[in-house]
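Asks: With the hints as extra help, turn the sequences into a complete structure.
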Amino acid sequence: MELTSGRAIDGGLHLAGVAVMGLVVLFLVVPLLVTAVMAFDARPYLGPLPPPGLSIRWFVQFFSDDTFLRGLATSIELAAGAVSASLLVGVVTAAALHRLSFGARQVLMTLFLSPLIVPPVVIGFALLLFLSAQGLTNGFWRLLCGHIIITVPYTIRATLAGVSGIDRSLTEAALALGATERHAFWDVTLPLARTGIISGAIFALAVSMDDVSVSIMLTDSRTYTLPVALVSSMRANFDLSLAAASVMLTGVTIVLMLVLDRFVGVNRIIGQGMFR
Amino acid sequence: MSAVIVFDDVTKAFGDTLAVDNLSFAVEAGETVAILGPSGCGKTTTLRLIAGFEEPDSGAIEIAGESMLGKRPYERNIGLLFQHYALFPHMTVAENVGYGLKYRAWPKPEIPARIREMLALVRLQGFEARKPGQLSGGQQQRVALARVLATSPKLVLLDEPLSALDAKLREELRTELKQILGAVGSTNIVVTHDQGEAMSLAGRIFVMNHGRIEQQGSPDDIYARPKTRFVAEFIGRMNWFHGRPGDGAHGRSTLITDTGTRIALADPLGAGRWSVGVRPERMAVIAPDVPGEHGNVLPGTVAETVSMGSEFHYRIEGADGPILVVETNTSGARVRSGDRVLVLFAPGDCVPLLDATD
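Sequence lines, in order, name chains A and B.
FYI, our numbering numbers position 203 of the first sequence as 416, with every residue one higher than the one before it.
FYI, our numbering numbers position 348 of the second sequence as 1019, with every residue one higher than the one before it.
Derived from the structure by calculation, the hints contain no laboratory data.
Ideal Cβ placement from N, Cα and C applies to all residues, glycine included.
Treat the hints with care, since some could be wrong.
[What the hints assert, rightly or not] Derived contacts from chain A toward chain B, CB cut-off under 7 Å, selection only:
hint, residue
1, A232
2, P332
3, G378
4, I379
5, S382
6, L383
7, G391
8, T393
9, L403
10, P404
[Unchecked claim] Partner residues aside, some chain B positions facing chain A, computed with beta carbon under 10 Å:
hint, residue
11, R719
12, Q754
13, A815
14, V819
15, S823
16, E831
17, F901
18, I957
19, F983
Replies: This is the structure:
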């Protein structure tokens, strides 16, 4: 008797769990789907779902809008610059952190990862004040500084995870075979931390492309990122070219994730279990 | 003969723990020495001191007459075979074997031939393009050995070289390893906690405990004549009898145990409390009615018979506690649990150790 009622409760809980999960999935996916459908709406105004016809007019409008194109160009340049810089900083920092004692490493890690905890608006505002005081008023360089700060935690953390996963005896084997610390780093540490480094770069790219809160503080009238351009355009005249932009950003993100999965997946095949 | 490596009063502590305590030893060219001890005895620290991954707090380390103090690992001409091989997983077998050649300034045109030569030595021709992940444990072990020996190091360190392999493969590789090291003629130090590994590979064994060498000598010598209870029990098993020597010139060659058992010894004992050890395989079990002169004869009851396949382990309860007797399985088990038996052993097989003087 007891057993049966216990089972019934377990079954009920299981169902409830599935239901909650289903709701969350709907909540996450439905808005994206609605946006995707609306981006292809043929009507020239914002009408109710479903759209009576499909067209790519909003995509055309997006690419004929000078503001969006300038924003897109800035975003791409910025992402390229910020990701390269934070990749370099991330690898150097992670390599240095890895050699420190546990305590010192924890303290410095917390410091380096603080941009994840400090509200982005605060970072943006603080940076704006600081850079103005230093006489740096060029919008692009200001944005670059901001984007490096918000992307560096991702590259450091991912690289450190990659470096920490490497068996210490591999580096020692290289040293015992005559390689200097420098050679051992190039020959052994860097190639084996590759997965971590690549995933860090992809996260950094996504963060840089998506950021609004920090960027909005650091833009000037001529230099602004795509997300900032989208936000201002939404305030001024709301139309569905925003939906088209969202669909394209989502597409880029999906491609990035596929690339990441491919690299991590490929690495899993090359390096087998015990060597990771 | 010249010493390849000399340790002179080397001490190394980690915090409050003394890992290596005033350690001194020398290893001659062409010799294979095993440093044998339990985990935490300082053997791994000794290995890391030789390799240059640790610096001593005090004392001197010389390799081939040259002081190693302050020298980085890559400035010492030593080879290190890691317990888990530490092959570079992203490099091929050939790249692994050739790695040291590149940095030890081997003439570039000769490197491919050297790699082939080393792979032939470990019988892995044709594996050049494989990655370590595609090899079995035994093959990885041989690649690691080829990588270590390729640069002809002055000294080869082997860290638990066989412990990562399963029992059957271990036997095979032990023979092969010994053969290869012999063919190359290198000077070797094997660091291990496995007495079988130490005894089969080394010509001389240092038994280490608490950061010191407790006894050194040939494998046979250490097995037959351990100087301390630790050495006796670390290398094989011992049955112990505790007591004092008997009286008179003749009685001095007899141990009288705390329960009154008399055990005849080959040599007279000095005054004091003694422990006398006897190896289980130097004892025999017979039925009580077998006549003859047997040296020491202790009565007891068989408490347990365990078959290990090639040998039997009998646990016999006697007046002085349990006695383990190991017999080769030549004709099946000769006694059963509950049998009253006699345990026999010769006075010459008794190892007396002084516990305390009076």
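Asks: All hints are to be evaluated individually against the structure, with a verdict given for each.
Replies: We went through each hint and held it up to the structure:
The restraint placing A/A232 at the interface with chain B is violated, with a minimum CB-CB distance near 44 Å, outside the 7 Å limit. Hint on A/P332 is violated. Least Cβ distance to chain B is approximately 41 Å, over the 7 Å limit. Annotation: A/G378 was flagged as interfacial toward chain B, and the flag is violated, the nearest CB pair being 12 Å apart, outside 7 Å. Taken as an interface hint, A/I379 does not check out: its beta carbon lies about 10 Å from the nearest beta carbon of chain B, beyond 7 Å.
Because the closest C-beta pair between A/S382 and chain B is about 4 Å apart, less than 7 Å, the hint holds. Evaluation of the A/L383 hint against chain B yields a held restraint, the C-beta minimum of about 5 Å falling below 7 Å. Evaluation of the A/G391 hint against chain B yields a held restraint, the C-beta minimum of about 3 Å falling below 7 Å. A least Cβ separation of about 6 Å between A/T393 and chain B falls short of the 7 Å threshold, and the interface hint therefore holds.
Of the supplied interface hints, the one on A/L403 is violated, with its beta-carbon coming no nearer than about 10 Å to a beta-carbon of chain B, more than 7 Å. The closest approach between the C-beta of A/P404 and any C-beta of chain B is roughly 5 Å, which is under the 7 Å cut-off, so the hint is satisfied. With a cut of 10 Å, the hint placing B/R719 at the interface with chain A holds, because the nearest CB-to-CB distance is about 9 Å. The interface hint given for B/Q754 is met, as the beta carbon of that residue sits about 8 Å from the closest beta carbon of chain A, less than 10 Å.
Hint status for B/A815 relative to chain A: holds, with the closest Cβ pair at about 8 Å, below 10 Å. At a threshold of 10 Å, the smallest CB-CB gap from B/V819 to chain A is about 8 Å, leaving the interface hint in force. At about 12 Å, the closest approach between the beta carbon of B/S823 and any beta carbon in chain A exceeds 10 Å, and the interface hint on this residue is violated. With 10 Å as the threshold, the beta carbon of B/E831 stays out of range of chain A, its nearest partner Cβ sitting at about 12 Å, so the hint is violated.
With 10 Å as the threshold, the beta carbon of B/F901 stays out of range of chain A, its nearest partner Cβ sitting at about 29 Å, so the hint is violated. At its closest, the beta carbon of B/I957 sits 51 Å from a beta carbon of chain A; the interface hint therefore is violated under the 10 Å criterion. Interface hint at B/F983: violated, since its Cβ lies 39 Å from the closest Cβ of chain A, which is beyond the 10 Å cut-off.
Checked against the numbered hints above, the structure breaks hints 1, 2, 3, 4, 9, 15, 16, 17, 18, 19 and satisfies the rest.
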